[in-house]
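In the order they appear, the protein sequences are chains A and B. Residues 571 to 989 (my numbering) make up the first sequence, in order. Residues 571 to 989 (my numbering) make up the second sequence, in order.
Just so you know, not all the hints are guaranteed correct.
Which copy? The list can't say, so a pair holds if one copy fits it or any two copies do.
What the hints assert, rightly or not - Here are the computed lysine-lysine pairs in the DSSO-like style, where the Cα-Cα straight-line distance is at most 27 Å:
id, residue 1, residue 2
1, K664, K862
2, K705, K633
3, K633, K811
4, K889, K944
5, K608, K632
6, K927, K797
7, K811, K927
8, K768, K798
9, K632, K664
10, K889, K664
11, K811, K768
12, K622, K664
13, K664, K633
Keep in mind the hints are simulated off the structure, nothing from the lab. Values in this document were obtained by computation on a predicted structure and should not be read as measured data.
2 protein chains.
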Amino acid sequence: MEKKRKDKNLVVQKYGGSSVADRRSIERVAERVISSAKRGKKIIVVVSAMGKSTDELISLAKKINPEPSDREMDMLVSTGEQISCSLLAMSIHKRGFGAVSFTGPQVGIITDTYHTQAKILKIETERIRQQLENKTIVIVAGFQGISTALEITTLGRGGSDLSAVALAVALGAETCEIYTDVEGIYTADPRKISDANKLSFISYDEMLELASAGAQVMHTRAVEVAKKFNVRLHVRSSFSKKEGTLIMGQTPLIEETVVRGITLTENEAKITICDVPDKPGIAAFVFDKLAKIGVNIDMIVQNVSRRKMTDISFTVSNKNLNKTIKKTEEIAAKIKAGKVNSNKNIAKILVVGIGMKSHSGVAARCFSVLAKNKINIDMISTSEISISCIVNKNIGKKALAVLHAEFGLGKGRRKKRER
Amino acid sequence: MEKKRKDKNLVVQKYGGSSVADRRSIERVAERVISSAKRGKKIIVVVSAMGKSTDELISLAKKINPEPSDREMDMLVSTGEQISCSLLAMSIHKRGFGAVSFTGPQVGIITDTYHTQAKILKIETERIRQQLENKTIVIVAGFQGISTALEITTLGRGGSDLSAVALAVALGAETCEIYTDVEGIYTADPRKISDANKLSFISYDEMLELASAGAQVMHTRAVEVAKKFNVRLHVRSSFSKKEGTLIMGQTPLIEETVVRGITLTENEAKITICDVPDKPGIAAFVFDKLAKIGVNIDMIVQNVSRRKMTDISFTVSNKNLNKTIKKTEEIAAKIKAGKVNSNKNIAKILVVGIGMKSHSGVAARCFSVLAKNKINIDMISTSEISISCIVNKNIGKKALAVLHAEFGLGKGRRKKRER
Numbered sequence: 571m572e573k574k575r576k577d578k579n580l581v582v583q584k585y586g587g588s589s590v591a592d593r594r595s596i597e598r599v600a601e602r603v604i605s606s607a608k609r610g611k612k613i614i615v616v617v618s619a620m621g622k623s624t625d626e627l628i629s630l631a632k633k634i635n636p637e638p639s640d641r642e643m644d645m646l647v648s649t650g651e652q653i654s655c656s657l658l659a660m661s662i663h664k665r666g667f668g669a670v671s672f673t674g675p676q677v678g679i680i681t682d683t684y685h686t687q688a689k690i691l692k693i694e695t696e697r698i699r700q701q702l703e704n705k706t707i708v709i710v711a712g713f714q715g716i717s718t719a720l721e722i723t724t725l726g727r728g729g730s731d732l733s734a735v736a737l738a739v740a741l742g743a744e745t746c747e748i749y750t751d752v753e754g755i756y757t758a759d760p761r762k763i764s765d766a767n768k769l770s771f772i773s774y775d776e777m778l779e780l781a782s783a784g785a786q787v788m789h790t791r792a793v794e795v796a797k798k799f800n801v802r803l804h805v806r807s808s809f810s811k812k813e814g815t816l817i818m819g820q821t822p823l824i825e826e827t828v829v830r831g832i833t834l835t836e837n838e839a840k841i842t843i844c845d846v847p848d849k850p851g852i853a854a855f856v857f858d859k860l861a862k863i864g865v866n867i868d869m870i871v872q873n874v875s876r877r878k879m880t881d882i883s884f885t886v887s888n889k890n891l892n893k894t895i896k897k898t899e900e901i902a903a904k905i906k907a908g909k910v911n912s913n914k915n916i917a918k919i920l921v922v923g924i925g926m927k928s929h930s931g932v933a934a935r936c937f938s939v940l941a942k943n944k945i946n947i948d949m950i951s952t953s954e955i956s957i958s959c960i961v962n963k964n965i966g967k968k969a970l971a972v973l974h975a976e977f978g979l980g981k982g983r984r985k986k987r988e989r
Numbered sequence: 571m572e573k574k575r576k577d578k579n580l581v582v583q584k585y586g587g588s589s590v591a592d593r594r595s596i597e598r599v600a601e602r603v604i605s606s607a608k609r610g611k612k613i614i615v616v617v618s619a620m621g622k623s624t625d626e627l628i629s630l631a632k633k634i635n636p637e638p639s640d641r642e643m644d645m646l647v648s649t650g651e652q653i654s655c656s657l658l659a660m661s662i663h664k665r666g667f668g669a670v671s672f673t674g675p676q677v678g679i680i681t682d683t684y685h686t687q688a689k690i691l692k693i694e695t696e697r698i699r700q701q702l703e704n705k706t707i708v709i710v711a712g713f714q715g716i717s718t719a720l721e722i723t724t725l726g727r728g729g730s731d732l733s734a735v736a737l738a739v740a741l742g743a744e745t746c747e748i749y750t751d752v753e754g755i756y757t758a759d760p761r762k763i764s765d766a767n768k769l770s771f772i773s774y775d776e777m778l779e780l781a782s783a784g785a786q787v788m789h790t791r792a793v794e795v796a797k798k799f800n801v802r803l804h805v806r807s808s809f810s811k812k813e814g815t816l817i818m819g820q821t822p823l824i825e826e827t828v829v830r831g832i833t834l835t836e837n838e839a840k841i842t843i844c845d846v847p848d849k850p851g852i853a854a855f856v857f858d859k860l861a862k863i864g865v866n867i868d869m870i871v872q873n874v875s876r877r878k879m880t881d882i883s884f885t886v887s888n889k890n891l892n893k894t895i896k897k898t899e900e901i902a903a904k905i906k907a908g909k910v911n912s913n914k915n916i917a918k919i920l921v922v923g924i925g926m927k928s929h930s931g932v933a934a935r936c937f938s939v940l941a942k943n944k945i946n947i948d949m950i951s952t953s954e955i956s957i958s959c960i961v962n963k964n965i966g967k968k969a970l971a972v973l974h975a976e977f978g979l980g981k982g983r984r985k986k987r988e989r
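With the hints as extra help, turn the sequences into a complete structure.
Printed below as a string of structure tokens:
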């Protein structure tokens, strides 16, 4: 995809499954879209499948064949978005506005041939541009495209976000609005921290860190593409008129806010390979073998070696723990390492803030507030803009709370930091 | 479409909505398809949407917009067949056979641009042939195609039958098997005549007469195409192994059977325009105006005129009666005719048999057996191979029964007429 000159009058709006879950929701979306059209905007709407309809199709498929082919799964699940986009078009027509729905293949969202997790290669914009010129609202089925082999493909998790961002890039929209069932990005999960604060702005890099740690609002792939092509994302609720969170390159007031968000992840386990011979290429060997069984490794920590031996620790999702332990034990035997330990009793705290680049001592401040509260840290790893700590699971929520307070992220202090 | 040389090893099988209504049904179809594949056949399967799923989508759409656009309806309802064909492919894979599903647009079923009632213009066979050469079972979503304007279209009532017959023509299959929830074509509706007899053979023309009179098994358009390109149709049940009814050009034993089937239609009403001035073009004017309000006129009777006046009678489906009366009254005023009468209390008996062409006196035999049973005939019209009579609704079933017996169509006399 090439960078285009931005068209300020063009907006891409993406509505997730919860925003089009039933007839009433579809009608609410229609009204929302029309209110943007009345303000003179040219609008492209990207929709997900209705509510849980995709899950229902997958469940039916798995009853018929527990290991359905990826190609046929794409044929099957791509119908969900086709249904919601045609219904939305009808709802807009009912209100007297022009609209037309397109499937991914129809509109020319060209992907590679990796079914169920295809990557977008390019988007043909001709058909959309024609409709926009006629002042017609264009509705595109999210999550899907057509492969270079002319097969229907889907884009994997977060696929509709990706469709929306890629369309914004291809058509030169300045902003891509992501409508969801939460009001934006928060300093911490509001279900865990009652005074968590909605952010007005966040940078792409901060959002990428938060999304990787399981903030479900946006998938990393869409944020990466938005960053690469400098498309501003506006994450907001389809159930309210409030402004949400802008995800962008240069955020205002960035100097004042060292930490932007903190996440707590409680569904991971830690695995340690003890006494690994410290030779070049060992880590590569270990994680290459693990990648082949298809598990996502999260945090990896390897400390300096003593007596030509080291320990390698990493975390994985609990649901992949058993098969990962099994594979890790095979690997340990091959590389003549010691025994393999695992621990499900952990929580991961991730502290994110682009301000860390210019503010020293953030890590020290994290560790000392945890120490002051008698919270022991089991593993640490850091990046330029984030600090991850593993602690005991039973004190995970406490660790989240004390850090959230320490960096002044609660509502009480909002006025000081942001308008 | 051009005539092709027939491939005896190639078979098209079409399964209707009731044959793929749920998981178990889909699995039964998979086994049926595989058993044909094991006999060395190259197979193209055409499927309808699962059970009532299309009706459910239409009902949801009408709640959102009581008058949805035809284009968006096609986007919406075409998903039904896409779902059933991918699930069938998965079910065949599970059993260790190769299969691939295609949408109508994917496979190149090219139609005109009349949404919800498109006509097939041509079928590109390249993709199907490639798969058949690899011994892969090809599954095609019925009822749909892609228009010359690159839009998704659907083929209207009986559309999946039409897809199947058109594919049989395009690929040169000798037979097209139509799987449904009845065992074939009967001498009369078995729910109305208990000793109705399944026919082993019926000619295209006889089937066309029966289908027009509401025998729901096959739609006339598919039979017309089969006749034009001489594709043998085999209508049979997907729930049993029994042979069904072959629909073909030259049926065996045709000399012996004068009447092949009798239908009773009870959901029509009769409208009469009295005292119509007998001038050239009057009938054309009347039925042209009626066609424009989209009602299907069935039987039309106009007798010779007396004193430059005549009466014109016709029948319409009860559900269109009110709007047809209203329009007919407008027309009557315009042409300076007399009053318009209507009567819902009628039944139509249709007697069909290609043998009528060579046997004289069939009509007389009909009328006299009805007279002998004190059944008064209100209107009569005939074609080369059929006789239609309108009688009072309360004696419709009796008229059906006495005619069915008179022409020896009951099970008791089966052995005499057919092996």
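- Item | Ascending list of hint numbers which this structure does not respect | Violated: hints 4, 7.
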